[in-house]
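Using the sequences plus the hints, can you model the full thing?
Chain by chain, the residues:
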Amino acid sequence: MSISLTEKAAKRAKRYLDSRGKGVGLKFGVKTTGCSGMAYILEFVDEVSPEDQVFESHGIKILVDPKSLIYIDGTELDFVKEGVNEGFQFNNPNVKDSCGCGESFTV
Amino acid sequence: MALLQISEPGKSTMPHEHRRVIGIDLGTTNSLVASVISGSPTILNLNNKSNLLPSVIHYSKDNILVGNDAKKLLSKDPKNTISSVKRLIGKTIGDINKDNFPLNLEDGDGVINIKTSIGIKNPIEVSAEILKSLRTVAEKKLGGELMGAVVTVPAYFDDAQRQATKDACQLSGLNILRLINEPTAAAVAYGLDKKSMGHFVIFDLGGGTFDVSILNLTKGLFEVLSTHGNANLGGDDFDQAIVNFLSHKYKLNIKDIEIQSTISILAKEIKESLSNNKEVEVLKVINGKEIQETFTREQFKTLVDDLIKQTIEATKSALNDAKLSTDEIDGIIMVGGSTRMPCIQEAVKSFFKQDLLNDLNPDEVVALGAAIQANILAGNGQEDLLLLDVTPLSLGIETMGSIVERIIPRNTTLPVAMAQEFTTYQDGQTAMSIHVVQGERELVDDCRSLAKFTLRKIPPMVAGAAKIKVTFQVDTDGLLSVSAEETTTNVKASIEVKPSYGLSEDKIKTMLQSSYDLAEEDKNSRILAEAKVDANQLIELTQKALDTDKDLLTESELSQIKNGLKDLINALNSSNKDKIKEATKKLNSQSEPFAAKRMDRSIQKALTGKSINKLEL
Chain A
0 MSISLTEKAA
10 KRAKRYLDSR
20 GKGVGLKFGV
30 KTTGCSGMAY
40 ILEFVDEVSP
50 EDQVFESHGI
60 KILVDPKSLI
70 YIDGTELDFV
80 KEGVNEGFQF
90 NNPNVKDSCG
100 CGESFTV
Chain B
0 MALLQISEPG
10 KSTMPHEHRR
20 VIGIDLGTTN
30 SLVASVISGS
40 PTILNLNNKS
50 NLLPSVIHYS
60 KDNILVGNDA
70 KKLLSKDPKN
80 TISSVKRLIG
90 KTIGDINKDN
100 FPLNLEDGDG
110 VINIKTSIGI
120 KNPIEVSAEI
130 LKSLRTVAEK
140 KLGGELMGAV
150 VTVPAYFDDA
160 QRQATKDACQ
170 LSGLNILRLI
180 NEPTAAAVAY
190 GLDKKSMGHF
200 VIFDLGGGTF
210 DVSILNLTKG
220 LFEVLSTHGN
230 ANLGGDDFDQ
240 AIVNFLSHKY
250 KLNIKDIEIQ
260 STISILAKEI
270 KESLSNNKEV
280 EVLKVINGKE
290 IQETFTREQF
300 KTLVDDLIKQ
310 TIEATKSALN
320 DAKLSTDEID
330 GIIMVGGSTR
340 MPCIQEAVKS
350 FFKQDLLNDL
360 NPDEVVALGA
370 AIQANILAGN
380 GQEDLLLLDV
390 TPLSLGIETM
400 GSIVERIIPR
410 NTTLPVAMAQ
420 EFTTYQDGQT
430 AMSIHVVQGE
440 RELVDDCRSL
450 AKFTLRKIPP
460 MVAGAAKIKV
470 TFQVDTDGLL
480 SVSAEETTTN
490 VKASIEVKPS
500 YGLSEDKIKT
510 MLQSSYDLAE
520 EDKNSRILAE
530 AKVDANQLIE
540 LTQKALDTDK
550 DLLTESELSQ
560 IKNGLKDLIN
570 ALNSSNKDKI
580 KEATKKLNSQ
590 SEPFAAKRMD
600 RSIQKALTGK
610 SINKLEL
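In order, the protein sequence lines correspond to chains A and B.
So that you can map any letter, position 63 of the first sequence is 62 in numbering that gives the first Met the number 0, and since no number is skipped, the others follow by simple counting.
So that you can map any letter, position 135 of the second sequence is 134 in numbering that gives the first Met the number 0, and since no number is skipped, the others follow by simple counting.
Read the hints as simulated data drawn from the structure, not as lab findings.
The reader is advised that the hints may include incorrect statements.
In silico EDC-like links for lysine to aspartate or glutamate, alpha-carbon gap of 20 Å or less [to be verified]:
(1) B:Lys139 <-> A:Glu85
(2) B:Lys308 <-> B:Asp358
(3) B:Lys193 <-> A:Asp45
(4) B:Lys140 <-> A:Asp77
(5) B:Lys596 <-> B:Glu556
(6) A:Lys10 <-> B:Glu7
(7) B:Lys248 <-> B:Glu289
(8) B:Lys140 <-> A:Glu85
(9) B:Lys60 <-> B:Asp76
(10) A:Lys21 <-> B:Glu7
(11) B:Lys193 <-> A:Glu85
(12) B:Lys565 <-> B:Glu539
(13) A:Lys60 <-> B:Glu7
Set out below in C-alpha cells:
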C-alpha cells in the first residue's frame with residue numbers, strides 16, 4: 000500500500016498548511032459521484048480518525064480512509080501548472096477510464 | 000485533466016461543482032482581483048507582472064486598452080483615455096464639476112456621457128471594461144468559468160452608485176454575489192470576524208480618495224457605524240506638496256506638461272523612498288535647472304502637515320458620529336498604498352495611542368477580504384459570515400403638506416424592511432401618489448427625490464378609512480424597493496428604486512450638516528405644515544357638513560361656525576402656526592354640537608323603516 004506526493008506537491012501543500020495556520024496534513028479519498036462514477040477528495044485534516052491509514056511523504060502526512068484506499072492505492076499526487084492555471088493532480092494507477100474533464104473516474 | 004485545490008475538511012466539492020469565485024476591489028486608481036486558493040486568500044496577479052490593474056481605459060478605433068497600456072496614453076490622448084471612472088459612476092452631470100475631468104462629458108438622460116473618438120461611452124460601460132479584464136485574468140488563473148464575484152464599494156456609495164456598479168458587473172458578464180463595503184472587506188481580511196466583538200477603525204488612504212469608517216462587530220456581525228472622508232484627498236496630494244515645494248524653490252514652470260509630468264514622477268519617487276529611508280538625496284536636471292535637495296522625513300512631514308491634519312479631523316468626526324472615544328477602539332486597520340507613509344502611520348498611532356494593524360499589504364487588503372467573503376458565500380468556506388451595512392441617509396415618503404414621513408432612519412443596518420400604514424385624505428380618493436425621498440430634513444423640498452409612483456384602484460371610501468401599507472425594503476446591496484398596498488382589498492403597487500442619479504459624499508455630508516444646522520427651523524416648518532393640513536381638512540369637512548345638514552343648526556350656531564371658519568381661513572393665510580392651531584381648536588369645539596347632531600341624524604336615517612330584529616347589532 001502506498002500513497003505519495005511529488006516534491007512539488009509537498010512543497011505547495013506545506014505552504015498552504017502554513018498559511019492556514021492549522022492542520023495535521025492532507026486527506027485523500029474518493030466518493031461515488033460524478034459523471035463517471037467516482038471523484039477525488041482532497042482536503043486539509045484537522046483531526047485524525049482512528050480508522051484512517053497514515054502515510055508520510057516529503058514531510059507531509061497523508062490520511063486515507065480504508066474504503067477509499069482500495070481505489071487509490073499507488074497514487075502519487077502532483078502539483079502541475081497548465082498555462083496560468085495551477086493545481087493538484089492525482090496520478091492514480093487504478094483508473095481505467097475518466098470522464099472528458101477528468102474530474103471523475105472509474106476503476 | 001482538471002486540477003484540484005485542497006478543500007477545507009468536509010468541503011470537497013462535487014465534480015463540475017467547483018465554485019470558482021473571486022473578490023474584486025474596483026478602485027478609483029487601481030483595481031485588483033483575488034480568490035481563495037486551497038484555503039489561502041491570494042491576489043491573482045496580472046500577466047505575472049503586477050497585482051494592480053490601473054483603472055484606466057483607452058478607446059480607439061482599433062481596440063480597447065485597459066490598465067497600464069491605457070495609462071501610458073493618459074497625457075497623449077486625454078480625451079479618449081478614461082481614468083477615475085469611479086468618480087462618475089452612478090452620478091449625473093449636475094453632481095460633478097466638469098472641470099475636474101479632462102474628458103468630454105455631457106448630460107445623458109440620467110447618466111454622464113463620455114464622448115470618445117469611437118462614440119459615446121457611459122461610466123457603467125467603462126467600469127465594465129475594467130471588470131471584464133479582471134474576469135479574464137481570473138478565469139485563466141483559476142482554470143474555468145466563474146460562479147460569481149464579490150465586488151467592493153465605498154461605504155458611502157448611495158443606491159444609484161451601487162446599482163450602477165452592479166450594472167457594470169452584469170455588463171462584464173460577472174455574476175455578482177454581493178456588493179460589500181470596502182472597510183468591511185478590510186476587516187474580514189484581517190480575520191476580525193473571528194473575534195466575538197469590538198469596534199474597529201478602517202483608515203483608507205488611497206491614491207486619490209480618503210475614507211475612514213468605524214465598524215462595530217458583535218457575534219461575528221459587522222455593522223458600519225459611521226464613515227467620513229474626502230473624495231479628493233489621496234497620495235497624489237502628497238506628491239503635489241513636493242511638486243509645489245520644488246517648483247516654487249527652483250522656479251519651474253509646472254504649466255508645461257512635460258515639466259509637470261517629470262516633476263510629478265520625481266515627487267512620487269521621493270515620497271515612496273521616504274517610506275523606507277529616513278532621508279533621500281535628490282539630484283536631477285529638469286528643464287536645464289539643477290535640482291539638488293536632501294529630503295528628510297521631518298521636512299516632508301512639514302510639507303504635508305495640513306493633509307495629515309485633515310485625515311485626523313475626519314477620523315475624529317467619524318468617531319463622533321459613532322459616539323465612540325479613542326479608547327473604545329479595539330483595532331485600527333490601515334488600507335491603501337498611501338498609509339505606507341511613516342508620517343501617516345505615526346499620526347494615526349499617536350491619535351489612538353495604540354498599534355496599528357498593517358502587516359497585510361495595504362493595497363491588497365480589500366480585495367483579499369472580498370475573496371474570503373466570496374468563498375464563504377459560495378459555500379466553500381466553513382463558517383458563515385453576515386455583513387451588515389447601513390443606510391447612509393434616512394428614507395421616507397411625502398405626506399400631505401409636503402412633510403416627510405421617515406420610514407427607515409439613517410444608519411439602519413441592512414438588510415431591512417419597514418412598513419408604515421397611511422390612509423386617504425379625501426372622501427372617495429381612489430389613487431395615492433407615493434413619493435420616495437431621501438434625507439434628514441423635515442420638508443420634501445429639502446430632501447432628495449428618489450422616485451414617484453401611484454397606487455391606483457383604491458376602492459372609494461370615506462377619508463381615513465383606507466389602510467395603505469407602505470413597505471420599504473433595502474437589500475444587502477443597499478438597493479431600495481418600495482411597495483404600497485391597500486390592505487382591505489389587497490390592491491398593490493410597487494417600485495424598484497434605481498435612482499437615476501447619485502450623490503457625492505460631499506453632498507451627503509452637506510445634507511446631514513444642514514439637517515443639524517436647520518433642525519429648529521425644520522421643526523417649525525413641519526409643525527406649520529402639519530397645522531395647515533389639519534386646518535384644511537377641518538375647513539373642508541365643516542363646509543361639506545354645512546352643505547348637507549345646515550338645517551340642524553340654529554341661527555346663532557350657524558353664524559358661530561361660519562365665524563370660526565372665517566377666522567381659520569384668515570389664520571391659514573397668515574402662515575402663523577400658533578394662530579392656525581388656535582383657530583383650528585376653536586372651530587373644532589364650536590362644531591362639536593353640530594357633529595353630535597349630524598351623528599344622531601345619520602343613525603336615525605339608518606334605523607328608519609327597519610324592524611328591530613333585522614338590525615345587526
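Tested hints:
The hinted pair formed by Lys139 (chain B) and Glu85 (chain A) meets the criterion: a straight-line CA distance of about 10 Å does not exceed 20 Å. A distance of roughly 24 Å separates the Cα atoms of Lys308 (chain B) and Asp358 (chain B); the hinted pair therefore is violated under the 20 Å criterion. In summary, the hint linking Lys193 (chain B) to Asp45 (chain A) is supported, as the alpha carbons are separated by about 18 Å, within the 20 Å threshold. At most 20 Å may separate the alpha-carbon atoms for a hinted pair to count; Lys140 (chain B) and Asp77 (chain A) meet this at roughly 18 Å.
A threshold of 20 Å between alpha carbons decides the hint, and for Lys596 (chain B) with Glu556 (chain B) the separation of about 12 Å falls inside it, so the pair holds. Proximity of Lys10 (chain A) to Glu7 (chain B) is assessed by CA-CA distance (about 18 Å); at most 20 Å being required, the pair is judged to hold. Between Lys248 (chain B) and Glu289 (chain B), the direct Cα distance comes to roughly 11 Å. Compliance with the 20 Å bound is thereby established for this hinted pair. Restraint check for Lys140 (chain B) and Glu85 (chain A): satisfied, since their Cα atoms lie roughly 7 Å apart, inside the 20 Å limit.
This hinted pair checks out: Lys60 (chain B) and Asp76 (chain B) have alpha carbons roughly 13 Å apart, not beyond 20 Å. Note on Lys21 (chain A) and Glu7 (chain B): the hinted pairing holds, with a Cα-Cα distance of about 11 Å set against a maximum of 20 Å. For the given pair, Lys193 (chain B) sits about 30 Å from Glu85 (chain A) by alpha-carbon distance, which is inconsistent with the 20 Å threshold. For the proposed pair Lys565 (chain B) and Glu539 (chain B), the alpha carbon gap of about 12 Å is at most 20 Å, so the pair holds.
As the CA atoms of Lys60 (chain A) and Glu7 (chain B) are separated by approximately 16 Å, the hinted pair is consistent with the 20 Å bound.
Of the hints listed earlier, those the structure fails to meet are numbers 2 and 11, in rising order.
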